[in-house]
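Protein chains in written order, with the numbering used here: chain G, 107 to 489; chain F, 82 to 253; chain C, 673 to 851.
Hints are supplied without guarantee of correctness; some may be wrong.
Only pairs whose alpha carbons sit at most 27 Å apart, straight line, appear in this in silico DSS-like list of lysine-lysine [unchecked claim]:
hint	chain 1	residue 1	chain 2	residue 2
1	F	K99	F	K204
2	G	K340	F	K171
3	F	K99	G	K327
4	G	K390	F	K171
5	F	K99	G	K205
Derived by calculation from the structure, the hints in this document are not laboratory data. Quantities reported herein were computed from a predicted structural model and do not represent experimental measurements.
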Amino acid sequence: MQLDFHYYATYCAAYLAGFRHEECLEICYSAQFPDNCTRTFLAGVKAPASAATTQTNMELADVDPTPVGLQDITRIWASFHFLPFDLYADVKKGGKRYKNKYRMICKPNGELVKDTVNLAVGKSLQAVGLSMHVLADTWAHRYFAGTPSVVINSTNHCFYEVLEKDGEWTQRPIEFKHTPGEDIENAKYINTVDSNDENSIMNLGHGRAGHLPDYSFMRYKYLPAWNDYQYIYKDNPEDYYHAFCQMIYAMKYLRGESESFETEVYDTQTAAPHEEEIKGILNKRQTDACADWKAFGEKLSGCEIPDFTVETFRKEYAESPEDEKDDTGLGKFIIAALAQKSMVTNRIYKSGNLLAGYSVEYDGKKSGIKDFFKLLSSGKERE
Amino acid sequence: MTKEGIITQSRDDVRLEKYRFAMLCSGNAMILFALWAIVRTIIQLYYQADTVIEGVPVATLIVPVMASGAVDAVLKFIVGFSARAEGLGKRKNNIYIVLGIILVAMSIISLIIWISVISVFYKYDGLFGIIVSMAVEITVLYAELTLVISAIKVRKIEKEMGLEKPEERGER
Amino acid sequence: MGKMTRIRNLLIAFAMIAIAIALFIAPQYGPGIIVLIVGAGLIVGGISRLIFYITMARHMVGGMKTFFHGILFLDLGVFMMSGFSVSERLVIYYLTIILLVSGGLDIIRALESRNEGASWKFRLVSGIITLAIMVVMIVGAIFMNNMLIVVYIFCIGLLYQAADKIVSAFRKTAVIYIQ
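Starting from the given sequences, assemble the full structure and let the hints guide the process.
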């Protein structure tokens with residue numbers, strides 16, 4: 107997903123879940139920020155690099171294709187954008203290496219989504235926002251894995267847009283190219299260059315499908331590398347609406363309105379009065395729905411929603427004294443990001459899968475990446 | 082068409098995609114191996130033109146080697162490109178399948194001849210070189226066989242499914 | 673990183689250092705050894721592609737192409753090592769591409785870091801030096817017909833990669849999990 111849904115749609119869902127306007131702004135800012143929090147950004151404000159929740163193309167190109175580099179990539183992308191659905195899936199083909207990659211495939215309503223939402227219980231609004239980003243992305247990015255893998259993430263020429271007009275359904279081939287300038291009316295979209303290398307960053311996530319998973323209006327079918335020549339049909343308007351309703355449910359739970367968070371539960375009742383308007387936005391053929399979502403959000407709350415800019419977090423963090431940095435918006439986001447990354451890495455590691463690297467239980471001694479000790483100090487403060 | 086018609090895939094649809102991909106991969110392989118064979122042959126003949134192998138001056142072999150190589154390469158290109166196109170959903174005529182069968186026969190004969198003079202190659206290329214050369218010969222034969230068999234199966238399945246028209250085949 | 677991976681990286685690093693030192697001492701054997709190394713690299717690449725096909729790619733849509741590429745790489749590698757002098761030119765082109773991509777990426781990354789307000793000067797200088805080395809190599813090897821320059825540049829590259837492997841072998845990589 108992109109700015110229109112992560113920022114504006116999350117604001118709308120947070121408002122419908124009962125948060126105040128100011129709280130909604132904090133939540134939706136942190137729901138968008140995982141797409142902006144790079145190592146380069148963190149280095150610029152002298153913040154812990156391990157809290158990075160995304161990587162720019164240049165950072166990705168810079169990563170060594172060694173096990174360590176690949177684990178670093180996987181930790182980031184699997185933790186924040188391609189949450190694995192079932193780390194213990196019964197895969198009937200391939201050896202251990204293939205099974206490990208297969209088990210990283212992202213889908214909604216997995217156990218890790220529950221863990222992600224529960225991790226935000228009693229924590230900051232930044233943690234709530236971050237968990238909403240992860241939850242929403244499980245819908246948009248389903249069927250792809252947050253680790254470089256040609257055998258899972260690659261696509262091919264069998265890619266069709268599915269169109270519906272007046273009850274009549276048709277399909278047309280999608281033409282992918284690698285230079286900027288998409289033409290959605292003629293089904294010409296951008297994607298990453300084809301690479302047969304298992305560890306190439308071209309085969310990370312949904313790169314080979316371009317931005318199609320992030321366009322709410324897109325319906326398409328394609329042959330994924332892992333599905334034995336069977337097509338997958340992706341209905342984004344349907345998936346995005348599910349994501350929206352699930353976010354409302356999740357945020358009501360985080361506000362304390364329900365006792366537990368269960369998967370496959372969607373608060374369609376709260377969204378019902380606005381269903382037509384929301385589906386209208388989702389189905390509108392446009393690559394950027396920010397204006398529509400913003401208008402909807404401002405109509406809901408009656409308040410203005412400022413445009414998203416990373417300067418908000420940067421400025422506050424840079425100008426704060428050292429001992430107060432953890433209390434800034436970025437400081438709280440960093441704690442939430444470290445906790446999410448630590449939790450997901452641990453789950454992946456415990457399943458016997460080393461794609462995200464090693465996870466060590468804290469044993470009172472100082473071993474492991476030092477950035478993560480921040481979690482220890484933040485935990486003690488909560489106690 | 083209905084939504085179900087577009088998003089539902091039968092068992093035959095799956096088989097069809099599988100064989101089309103096999104044709105695409107083996108067609109591409111034929112083209113690649115043909116190109117590489119041309120480059121390698123030219124370089125080898127250029128640098129060995131003044132040498133003598135087993136009493137035979139290499140210079141006398143240039144014309145027959147180039148001629149047979151050219152015929153082989155042209156056949157591979159025709160068959161490879163046709164298979165590629167059919168793998169992408171376009172229907173091609175049956176001539177390339179016949180040429181593919183001829184290529185298979187030529188490859189088998191070539192392999193038999195190659196094995197019969199293997200001691201000569203061993204002297205110049207060593208054991209590892211022999212193994213790799215044999216692997217290449219067998220792989221090319223495998224690609225040709227896969228291509229021919231897949232092309233026949235695609236036709237059979239399309240006929241069973243009644244996919245006569247290009248738009249029914251999903252031709253791009 | 674696991675213990676075995678660390679040990680393997682260290683062994684590879686020491687082997688690289690040994691080859692680099694040997695080439696510095698006896699550079700006249702350099703072109704032949706570089707051709708052998710590149711040829712061996714292609715052969716290893718071919719074998720690894722075949723292993724990848726058997727273990728992974730055969731389960732993938734269109735995975736057969738990996739098998740064909742593996743065989744082609746094997747043949748390329750054997751051809752490279754068969755001793756034709758044209759192989760030296762191929763090595764120069766191969767090293768030129770590596771240096772061009774590496775230097776270019778460093779410069780682009782430096783400019784990106786500068787836009788974000790992070791440190792960038794070291795990276796920029798590193799990228800410019802890499803491109804300068806590439807130019808020196810092309811001038812020396814092609815226009816001055818002096819393969820020794822190529823050999824020395826190859827040795828420096830080996831030493832740099834060895835140092836990188838040694839550093840990463842000792843880096844802490846485990847993520848701490850605190851409940």
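Hints versus structure:
Taking the CA atoms of F/K99 and F/K204, the gap is near 42 Å; set against the 27 Å cutoff, the hint is violated. For the given pair, G/K340 sits about 26 Å from F/K171 by alpha-carbon distance, which is consistent with the 27 Å threshold. Of the supplied pair hints, the one linking F/K99 and G/K327 holds, its CA atoms being roughly 17 Å apart against a limit of 27 Å. Note on G/K390 and F/K171: the hinted pairing is violated, with a Cα-Cα distance of about 34 Å set against a maximum of 27 Å.
Proximity of F/K99 to G/K205 is assessed by CA-CA distance (about 22 Å); at most 27 Å being required, the pair is judged to hold.
When held up to the earlier numbered hints, the structure conflicts with 1, 4 and fits the remainder.
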